[in-house]
Amino acid sequence: MNNRIYSLSLAVGFKALLAGFILLLSLSGIPGAVAQVDTFEFDSEEQQQRFRKLSNEFRCPMCQNTNLTGSSGGVAEDLRREIHRMIQDGLSDAEIEQFMFERYGDFIFYRPRLRAETVLLWFGPPVFLFVGGFVAFGISRRAKKLSEENTELDGEQQARLKELLDNKV
Amino acid sequence: MNKLKFYIPVISFFALALQLWRGLYLDPKELPSMLIDKPMPGFQLSTVAGTEVENDDLPDQIFLLNVWGSYCLPCLIEHPTLMRLSEEGEIPVVGVNYRDRQALALDWLADNGNPFAFSILDEDGRFGIDLGVYGAPETYLVDENGVIRFRHVSVLDERVWEEEFVPAIAELRGQRSSDE
Amino acid sequence: MIPELGQFSLILAFCLSVLLGTLPLVGASRNNLLWMDLARPLTAGVFVFLGISISILAYAFATDDFSVQFVTQHSNSLLPTRYKLTAVWGGHEGSFLLWTFMLSCWMLAVSIYSKSMPIDFVVRVLGVLGVLCAAYILFMLATSNPFDRIVPLPPVDGTDLNPALQDFGFIIHPPTLYMGYVGFSVVFAFAIAALLSGRLDAAWARWSRPWANVAWAVLTIGIALGSWWAYYELGWGGWWAWDPVENPPLITWLFGTALIHSLAATEKRGVFKSWTVLLAILAFSGSLLGTFITRSGLLTSVHAFASDPTRGFFILAILGVAVGGSLLLFALRAPLMKSEAGFDLVSREVLLLGNNVLLVVAAASVFLGTLFPMVYQAITDDLISIGPPYFNAIFVPLMILLVLLLGIGPLCRWKKTSISYLTLQLGKVLLSSVALGVLIPLAVLLEFSFAATVSVTLAAWISLSMLKDLANKTANKSSRIKGLKALSLSYYGMQAAHIGAAVMLIGIGLTSAFSYEKSVLLEAGQNIDLGNYNFQFNGSSAVNGPNYVGNEADIEVKKNGQFLENLYPQRRIYLASGTPSTEMAIDAGFLRDLFVTLGEQKESGAWSMTIYVKPFIRWIWLGALFMAFGGIIAAGDKRYRRLRRRQLEKVDNELSSGLQTAG
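Chains as they are written, first to last, in this note's numbering: chain A, -1 to 167; chain B, 2 to 181; chain C, 1339 to 2001.
Hints are supplied without guarantee of correctness; some may be wrong.
Derived DSS-like pairs (lysine-lysine); straight-line CA-CA distance at most 30 Å [said to hold, decoys possible]:
#	chain 1	residue 1	chain 2	residue 2
1	C	K1820	A	K143
2	C	K1806	C	K1820
3	C	K1754	C	K1766
4	C	K1754	C	K1823
5	B	K4	C	K1753
6	B	K6	C	K1811
7	A	K160	C	K1754
8	C	K1940	A	K142
9	C	K1676	A	K143
10	B	K6	C	K1676
11	C	K1823	C	K1453
12	A	K51	C	K1940
13	C	K1896	A	K51
Sample of chain B residues lacking proximity to chain C, with all beta carbon distances greater than 12 Å (derived) [claimed, not checked]:
#	residue
14	N3
15	V11
16	E31
17	S47
18	T48
19	Q62
20	P75
21	T82
22	L86
23	G114
24	R150
25	I170
Hints are computed from structural coordinates only; laboratory data are not their basis. Predicted, not measured: the structure shown is a model, and the values here were computed from it. For every residue, glycine included, the Cβ atom is placed at its ideal position computed from N, Cα and C.
Pulled out of the complex, with its shape left as it was, chain A reads as follows (with noise of 0.2 Å):
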């Protein structure tokens, strides 16, 4: 029983190991995507990038939850291209992003503007944290209490100690 689990569990952890690492590398034609492709044309990189951006950041208002890259058709097409035609047209991201908001709204943001509704939202995590620090210097320092106490020596024993060590000497 005791040489089964460790070989077994030797024995599985490798296999995973390498059936995963196979299959890792494997499977060059799969089937899936239902990605849109367009075939838009930028002036520049830098350009083609704010575009990237902006339709991953923008939610397709159609779709169970999509960001307009990964969908297809519909009014997630017709956004793209609107979104193409401001860069070009040379508007700032703020501009494009007041665009959508005054057609769709909120919903439209991946990223959710900051205002007096989305403020627990923005700053739940940083308050968490505070307070999981702080509760967690409260547990360090009793537990720093407690070590010391363990390892306080009452006087008996400080007497013996002092022996000790003027002996040594």
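With the hints as your guide, set chains B and C onto chain A.
For chains B and C alone, kept in the frame of chain A given last:
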């Protein structure tokens, strides 16, 4: 006091469970329109029939703006209601032929009947975007000054007409008479 | 007839689970050995009947039994057999049966690998799991019966399985994910057993750790498989969408990671006892929450099953009783579990505490972001979206902090370490890591990149720290080899898992910073350059599949002028549903992926297509593999095997005197 802190998880959990329970009651929501109480976007476009129209050509009374397409099955379902509303003169209906082909749209209207005073041709969906459309069918309630007052997404059948549009129209008309 | 047998089998499994959840538990409190001995046979019975049930469902699929409603909804006579079988988990009812069957597999494993634990403890664990199992089966029988028939006239054929699911990823991802997810029920049951008995000692921690480690390892793989599948399924290079259905397994995983670290401290030093128990409950809650979100229609997601509020209520009730009940039990019993040991401000305990804080804050933040849209809608009646930009902004900094601690932790001693010792050990490691982080990207890219530097520095920080620790631990033996052999599996497991984190970090950092793509319109014969690669379009041809038709393009790829290979992306239409789909062609590589997705054919005959180059993306999942590997071999450590009595006492003595510092 020290013991009370152990109750924090269970209390937080029940608060959360309450929220989740409430969440189950929430209806899947249609996207609220950003254009409520705002004027219709400006346009200068062709119609399905081939004429040219712009904002001034919109009816001078409260009307429905219906977004439709020949490919759209629910539009066919709501079609009889629109036909009735238009034929009985209850309310004018203006169409927006969204992301469709003019020829296909004309065929569809010929086959099924045309409830629309006219249908704005929006083949590339640009006008739809200005309206904040995200799919057909959608119907807007627009007042006589061209201001959008209400939007319904998905099929407009008789029940929706009675339960949602009639009260909305009454409210608008009520406001008018109290203004005067 | 046969599907009815499947339902009957479910009912039998339910009865046995109820018995398992009652009699042996009563037996444990009354010290009635006869009743306690029922636990293992009852567990086996539950496993057998659930196994029969799910086999019958698979049989119904294999034989095209369209009188069964679930089969009709998710299958079709033209569907290839392997997908007919995996369609068992293609919808809510069947996947929930899989979920419950997985639970019974874990229960069986507990009943087999628990000989070294006292019978009353094992019985409590199996009893708790039995109650859970009974609740799940009742849910199925009441609201989600996979064996419901269509009467009076069964259809001639079914609507097809969703084309996105007709794929290898679908064969392995859900079972693995569920196996890991459900696995946390075991350590949850261990925690409840401890609370019920009022005892939590080093022995409890020692028993729990292998179960927690294995469940964690399997969940790691399950999540990684989901990411891998999404990557080649979605076709635009994304591998994690922070979708409301993807997030709960991650939340469970984060709690689970905190748990396995906390368990280490509880086992070694007897500290964080009640906190560990709480983590076990939280990790398990994450799995129930995931089930709730997917199946209740609470949140919009690409993954969600069709929504049904009745089901939502039932699961919420299970959640309420299981989680609420256990948290109440925690509030009542946990104060009795006091830690006797203290520790200094600079010690391994404190670093593990830091680890736990960061992981739990991360979990809470992901949870907040996932549920916030629902709360927002309930309050403001308006809709809001929360996606990757938010989650990445919150999650990445927390993980960076965690990785910083990761380099220090293994080198830090229990109870008390001096800062000067740490500085001595890690000073050079820190400098070398920063140096590597700056120099390597510079050498490869010939320009400075912040993202690459951060990724390489952090990965080097982890790896070099590990090497230093390894060097320290093998320094005093007669030879290094002997030293390496003397180290425990538990130690190697930890190092493998941490290296896995480093590998994953490189993958995430470099792919996020350096992926690029280009969308083009190509006529036959045209080609395009992207980096060192050249892609030539050699024309397209029609394809016919078993249940689809489409077009396939021939793309010739050259690297630095040398021929590399041909890629064949496709565009398909599935016959039964008329759904189109794009099949990308991937050249998977250790250092980078290339892939092409086909768009549309224009009237001119030219095809639009997008070409992607994704450096180091496979390292993300390779890292996950290493992590899982680490978790599994750690469970094989000799501490956890049934030792002879003498050895057991020896180990216990060593533990209590705190002599062990390894692993």
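Comparing the hints with the structure gives:
1. For the given pair, K1820 of chain C sits about 40 Å from K143 of chain A by alpha-carbon distance, which is inconsistent with the 30 Å threshold.
2. Among the hinted pairs, K1806 of chain C with K1820 of chain C is consistent with the structure: their alpha-carbon atoms are about 17 Å apart, no more than 30 Å.
3. A distance of roughly 22 Å separates the Cα atoms of K1754 of chain C and K1766 of chain C; the hinted pair therefore holds under the 30 Å criterion.
4. Pair hint K1754 of chain C plus K1823 of chain C holds up; C-alpha atoms about 27 Å apart against a cutoff of 30 Å.
5. In summary, the hint linking K4 of chain B to K1753 of chain C is supported, as the alpha carbons are separated by about 26 Å, within the 30 Å threshold.
6. Under the criterion of a C-alpha separation no larger than 30 Å, the hint pairing K6 of chain B with K1811 of chain C is inconsistent with the structure, at around 41 Å.
7. Simply put, K160 of chain A and K1754 of chain C have alpha-carbon atoms about 24 Å apart, close enough for the 30 Å limit, and the pair holds.
8. Distance check on the hinted pair: K1940 of chain C and K142 of chain A sit about 73 Å apart at the alpha-carbon level, beyond 30 Å; violated.
9. A threshold of 30 Å between alpha carbons decides the hint, and for K1676 of chain C with K143 of chain A the separation of about 15 Å falls inside it, so the pair holds.
10. Only pairs whose Cα atoms come within 30 Å are accepted, and K6 of chain B paired with K1676 of chain C is accepted, the gap being roughly 14 Å.
11. Restraint check for K1823 of chain C and K1453 of chain C: the C-alpha separation of about 28 Å stays at or below 30 Å, so the hint holds.
12. For the hint linking K51 of chain A to K1940 of chain C, the alpha-carbon distance of about 27 Å falls within 30 Å, and the restraint holds.
13. Our distance criterion of 30 Å between C-alpha atoms is met by K1896 of chain C and K51 of chain A, whose separation comes to about 29 Å.
14. For N3 of chain B, the shortest C-beta to C-beta distance to chain C comes to about 7 Å, within the 12 Å cut-off, and the non-interface label is violated.
15. Here V11 of chain B does not stay apart from chain C, with its beta-carbon only about 4 Å from theirs, under the 12 Å limit.
16. The non-interface label for E31 of chain B is inconsistent with chain C: the shortest C-beta to C-beta separation is roughly 9 Å, within 12 Å.
17. Residue placement check: S47 of chain B keeps its beta carbon more than 12 Å from all beta carbons of chain C (closest about 23 Å).
18. The Cβ of T48 of chain B lies farther than 12 Å from every Cβ of chain C, with a closest approach of about 27 Å, so its non-interface assignment holds.
19. Every beta carbon of chain C lies more than 12 Å from that of Q62 of chain B, the smallest distance being close to 30 Å; the non-interface claim holds.
20. Remark: the non-interface label on P75 of chain B is consistent with the geometry, its nearest Cβ contact in chain C lying 17 Å away (cut-off 12 Å).
21. Every CB of chain C is more than 12 Å from the CB of T82 of chain B (nearest about 27 Å), matching its label as outside the interface.
22. The Cβ of L86 of chain B sits about 28 Å from the closest Cβ of chain C, beyond the 12 Å cut-off, so the non-interface label holds.
23. For G114 of chain B, the shortest C-beta to C-beta distance to chain C comes to about 27 Å, beyond the 12 Å cut-off, and the non-interface label holds.
24. The beta carbon of R150 of chain B is kept farther than 12 Å from every beta carbon of chain C, the shortest such distance being approximately 18 Å.
25. Even its closest Cβ contact with chain C, about 22 Å, leaves I170 of chain B beyond 12 Å, as expected for a residue assigned away from the interface.
The structure does not agree with the numbered hints 1, 6, 8, 14, 15 and 16 stated previously, though it agrees with the rest.
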